[in-house]
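A.B. asks: Residue numbers (my numbering), protein chains in the order written: chain A, 1 to 181; chain W, 1 to 250.
Among these hints, one or two may not hold up.
What the hints assert, rightly or not - In silico SDA-like cross-links for lysine to any residue, where the CA-CA straight-line distance does not exceed 20 Å:
id, chain 1, residue 1, chain 2, residue 2
1, W, Lys69, A, Asp40
2, A, Lys175, A, Gln118
3, A, Lys175, A, Leu123
4, W, Lys55, A, Gln33
5, W, Lys188, A, Arg51
No wet-lab data here; the hints were simulated from the structure.
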Amino acid sequence: MKVPEQRVSAEAFEELAMPLFDQLYNFARWLTQDTAEAEDLVQETYVKALRGFSSFQLGTNFRAWMYRILRNSFLSSRTGLRTMVVLDGENDDAVLPAQHTTPESLMLEQADRDTVQQALADLPVPFREILLLCEVEEMSYQEIAETLSIPMGTVMSRLSRARRALRELLAKKRKGAPHGL
Amino acid sequence: MACEQWRGQLDLYADGELKSEQAQAVREHLRGCSDCAADALERVQLKRSVQMAGKRYVPSAKLRQRISKSVAAKPRRESGWLWKILVLPALSLVILSLAVNLYVSHESARRQRVYSELADLHVATLASATPVDVLSTDRHTVKPWFQGKIPFTFNLPELQGSEFTLLGGRVTYLAQTPGAHLIYQLRKHEISVFIFQDRGEETASLPSGPLHTQSFNVENWTQNGLRYFVLGDVGPEDIHALSKLLRDAG
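So here's chain A without its partners, still in its complex pose (with noise of 0.2 Å):
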């Protein structure tokens, strides 16, 4: 979403802003993992948008510039600061060797949406958030790069990573299923 080279207007916020508030309020709400807290990040987010429409990057990307705030008042807040952690090897730029096919990995088909919700909400937050950027907002690597801040190289590798530890809950999960789902 490219913003044209002009001066911008509180209108001309509203109509870039405001489409993205369910996206937003679903983000806000897979990271918090709460109702009440969700909405205050979402209002929180729109308030300091808003307020800081002025230094925003003419031309530049509108919807990263916004998930970028989100996720920083969320990092900022106390569930934020409690659930964030610090991600080991991730100095390490290297696309990590993808997995072997395997047995479980091949089942993902079966695996129903509760069970991939609820190992979503099981993953650590910078795993969980990457992935619902890539997925869920089908944001380009570049754009989850502007997002969360972070190179393009941590990009690739916090998602194969991700993706990694996505399948063993997954695979977890399954296996601990009464049914043998």
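Mind docking chain W on chain A? Use the hints.
C.D. replies: Frame of chain A; chain W shown alone:
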């Protein structure tokens, strides 16, 4: 195993991050390698399940309402807030003292009345949540906006190379006469420019030139049948600079 190098690309391939020729190469490999094809399929399936599972929460209508209201009703510029908060009480005091002045000097009474009315307009406008009705820095947008709203037309100066910024404008009234109220910004100070037809009794015989009241500086003059007022809390030289720009344009 030769497939290792392909597998490293499968996430990028599934995410659509490969350049077209690289993606083409991966596609060709997948056609001939069932292991990698199964791996790629699994990655795409994982992506899809996360996508489906991830779209989970829907915001309440109440939150949407609250946020669109806060987005729409917020003042457009925050930069001047501190200034406004600090200066507003002072300005009201000054306006009060202007009112007292009315009793002191009959000669200056009429002039002060005009100025205090303009000061009221200036302060009330800046305190409003929507200070301007046409929000634009472009004089070519602001000027035509007034067409049909006020019974005269005027020219606005080119501000390039000056420190002033045009914030926008609104229709205003002084002594039942419609006029243009433009708001300019200089280093976070707002300056009001009022333009009226110079035939209202209130404004007709006002002496032109700069004037300093306790709170802000005013300059006014007549040009082509129009009476201009420039009013703000910046120094007289800044008021004069903006006045000169307007005079040269008019």
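A.B. asks: Look at each hint and say if it fits the structure.
C.D. replies: Status of the hints after comparison with the structure:
The hinted pair formed by W:Lys69 and A:Asp40 meets the criterion: a straight-line CA distance of about 15 Å does not exceed 20 Å. Between A:Lys175 and A:Gln118 the CA atoms are separated by roughly 14 Å; this keeps the pair inside 20 Å, and the hint holds. Among the hinted pairs, A:Lys175 with A:Leu123 is consistent with the structure: their alpha-carbon atoms are about 18 Å apart, no more than 20 Å. Taken as a hint, the W:Lys55 and A:Gln33 pair is honoured in the structure, with Cα atoms around 14 Å apart against an allowance of 20 Å.
Only pairs whose Cα atoms come within 20 Å are accepted, and W:Lys188 paired with A:Arg51 is accepted, the gap being roughly 15 Å.
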